[in-house]
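Protein sequences appear in the order of chains A and B.
The C-terminal position of the first sequence is numbered 452 in the numbering used here, with every residue numbered one higher than the one before it.
The C-terminal position of the second sequence is numbered 694 in the numbering used here, with every residue numbered one higher than the one before it.
Be careful, since some hints might not be right.
From chain B, some residues computed to sit far from chain A (all C-beta separations above 10 Å) [what the hints assert, rightly or not]: (1) Arg-437; (2) Gly-620; (3) Phe-630.
Computed footprint of chain A on chain B; a stretch qualifies when at least three of its residues, placed anywhere within it, have a C-beta under 8 Å from a C-beta of chain A [stated by the list, open to error]: (4) 260–266; (5) 367–380; (6) 399–407.
I should point out that these hints are in silico values taken from the structure, not numbers from a laboratory.
Bear in mind that the values here come from a model prediction, so they are computed numbers and not experimental data.
Don't be surprised by glycine CBs; every beta carbon is placed ideally from N, CA and C.
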Amino acid sequence: MFRRLETGARGRVTVNVDGRPVEMEEGANLAAALLEAGFSPFRTTPASGAPREPYCMMGVCFDCLAIVDNVPNRQTCLERVRAGMTVEIQDGAAAVAKAEEEL
Amino acid sequence: MSDANCVDLAIVGSGPVGMAAAIAARRHGLKVAVVDEQPAPGGQIYRDVETADAGRGAILGADYVAGRSLAEAFRESGASYYPSATVWRLASDGLSWSAPAGGGEIAAERILVAGGAMERPFPVKGWTLPGVMTAGAAQILLKSEGVVADDAVFIGCGPLLALVACQYLNAGVRIRAILDTTPPQNRMAALPHLPRALAAPGMLAKGVGMLARIAASPVAVSRRVESVELMGEGHLAAVRWRDPQGSHEIETERAFLHQGIIPNLNMTMAAGCRHVWDERQLAFRPETDVFGRTSLAWLLSAGDGAGIAGAKTAALSGEIAAHAVAYDLERLDTPSFEAATRLPLNARRRELALRPFLDALYRPAQGMRVPEDDDVVVCRCEEVRRGEIARAVAEGCPGPNQLKSFTRAGMGPCQGRLCGHTVVETIAALTGAAPEAVGYYRSRMPVKPVTVGEIAGLSFENNLREKSHG
Ligand code: FES
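Work the whole structure out from these sequences, hints included.
Below, the structure is given as structure tokens:
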């Protein structure tokens with residue numbers, strides 16, 4: 350489990366993580382806050398449905414993708430926590446189906 | 225396009241290179257825009273340096289805290305700064321960027337790509353499992369959030385692995401084990417470079433201090449690790465490895481991997497400047513002159529993105545590149561240019577003295593870069609395994625670009641960043657060709673995946689802008 354060394358001076362806000370309310374520090378790195386909250390996996394792959402979690406934390410690997418505020422394919426390691434945000438696991442196969450539907 | 229969007233120099237990235245270049249270019253009176261994907265300046269090396277408090281500074285060390293003054297000077301430089309903005313197109317006329325709240329274009333005389341480094345892919349069995357991340361990712365969690373994991377196993381080779389382990393020890397976080405994959409013969413290979421490295425005694429002492437700190441700690445260290453396998457169903461559960469003593473296994477839910485760092489190439493590759501294979505660093509890099517000019521007149525690249533050299537060198541290279549842009553745009557005459565570059569060029573030469581020694585000492589093992597087990601996933605995005613690549617090569621696939629249609633390797637959202645070097649070296653190993661001859665993925669625009677909506681939104685916005693500015 351990931352844990353926070355010190356609780357910061359930032360205010361606490363509620364984020365809806367897969368249907369349950371989770372308290373997070375406002376402005377925190379979203380992927381970090383999700384790891385701390387035990388959100389797992391972040392997504393499954395389109396090819397085989399394998400589970401994935403953040404690998405690089407710097408925007409290059411795309412394994413931290415999740416559905417943020419109903420938008421799929423958001424790189425959570427590049428986002429900050431905002432009050433009232435919703436985060437859902439991104440199911441790889443479903444995401445592909447949705448993209449094909451849109452085309 | 226409005227005046228604010230026309231600049232002399234557009235800089236991609238606000239790490240040490242981007243910040244130092246912006247500061248220097250502003251001093252010459254250039255109009256500068258800096259675009260960066262991150263929400264705050266600092267790059268990965270000084271990530272969140274503006275907001276880290278004294279406690280975190282103490283854990284991370286003086287080298288990290290030193291980034292704060294650079295970030296301050298950058299904020300005051302007068303460069304326009306676009307945080308949280310992803311560049312998805314760059315060309316001789318400028319660049320296009322997108323952000324969740326919209327996007328735009330910046331017309332520029334010159335573009336400096338300061339893309340920095342990323343960690344070298346470490347393709348072993350199970351490296352895609354949840355619970356496995358890079359040592360750099362663990363360090364980012366610590367730097368920007370003070371978030372850590374107890375009882376992780378650190379695996380790999382390179383100064384960053386030891387640095388993160390030391391930072392964990394400073395923070396009082398338990399480490400399960402360190403598995404060192406550095407090939408034992410590296411020491412002999414590094415020896416000839418030692419005299420030159422002694423010209424930078426400060427850096428060398430820091431490295432020795434880190435290793436001593438780990439040796440004095442209760443952490444179990446296994447050396448000469450020859451193979452690594454990460455195991456688990458749906459999540460990491462154990463690590464298995466082989467060393468001269470035999471085969472071992474320990475349970476763990478977290479592993480941090482590292483095999484050194486390589487230039488982050490997507491921007492320069494997409495821009496289309498010439499790249500060369502650097503055999504000493506086992507990576508492609510854009511070909512540049514000492515000032516950072518690439519084979520394209522409008523494009524410069526400096527810092528780790530142009531060849532790994534470290535943060536201090538990166539800041540100097542950024543400054544040098546800015547002087548070159550000012551000179552090329554005729555804002556500086558020859559004597560002033562020579563005067564401006566003399567000190568940073570000399571300082572950089574001193575910093576670089578250690579590099580050949582480090583490159584030799586931490587040269588990652590062939591087996592950790594080029595998998596031989598057909599089951600190992602090479603392309604994480606499309607889940608293409610080593611066996612499929614070997615089959616494609618046997619069927620006559622000549623190179624990385626053709627491999628995309630054979631296997632889909634490199635076609636996923638990371639656009640080949642996490643498999644590029646593995647694919648090149650695997651094809652080289654299979655065919656006997658040199659990596660230089662094998663070549664790298666040709667990247668295309670958009671450099672990063674953007675939605676059609678973002679592109680449509682952009683042209684709409686520009687139409688509006690053009691209208692309002694007549
Ligand atoms: S964790 Fe790699 S892109 Fe976010």
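Quick rundown of the hints versus the structure:
A cut-off of 10 Å between C-beta atoms confirms that B/Arg-437 is not in contact with chain A; the least separation is 19 Å. With a minimum CB-CB distance of about 24 Å to chain A, B/Gly-620 clears the 10 Å threshold, and the non-interface call stands. Chain A leaves B/Phe-630 outside its interface by the beta-carbon criterion, the shortest separation being 15 Å against a cut-off of 10 Å. Only residues whose C-beta sits within less than 8 Å of a C-beta in chain A count toward coverage, and the segment 260–266 of chain B has 3 of them, enough to reach three; the restraint holds.
Taking a C-beta to C-beta cut-off of 8 Å, the segment 367–380 of chain B contributes 7 residues in contact with chain A, enough for the three needed, and the coverage statement holds. Counting residues of the segment 399–407 of chain B whose CB lies closer than 8 Å to any CB of chain A gives 0, so the stated coverage by that chain is violated, three being the minimum.
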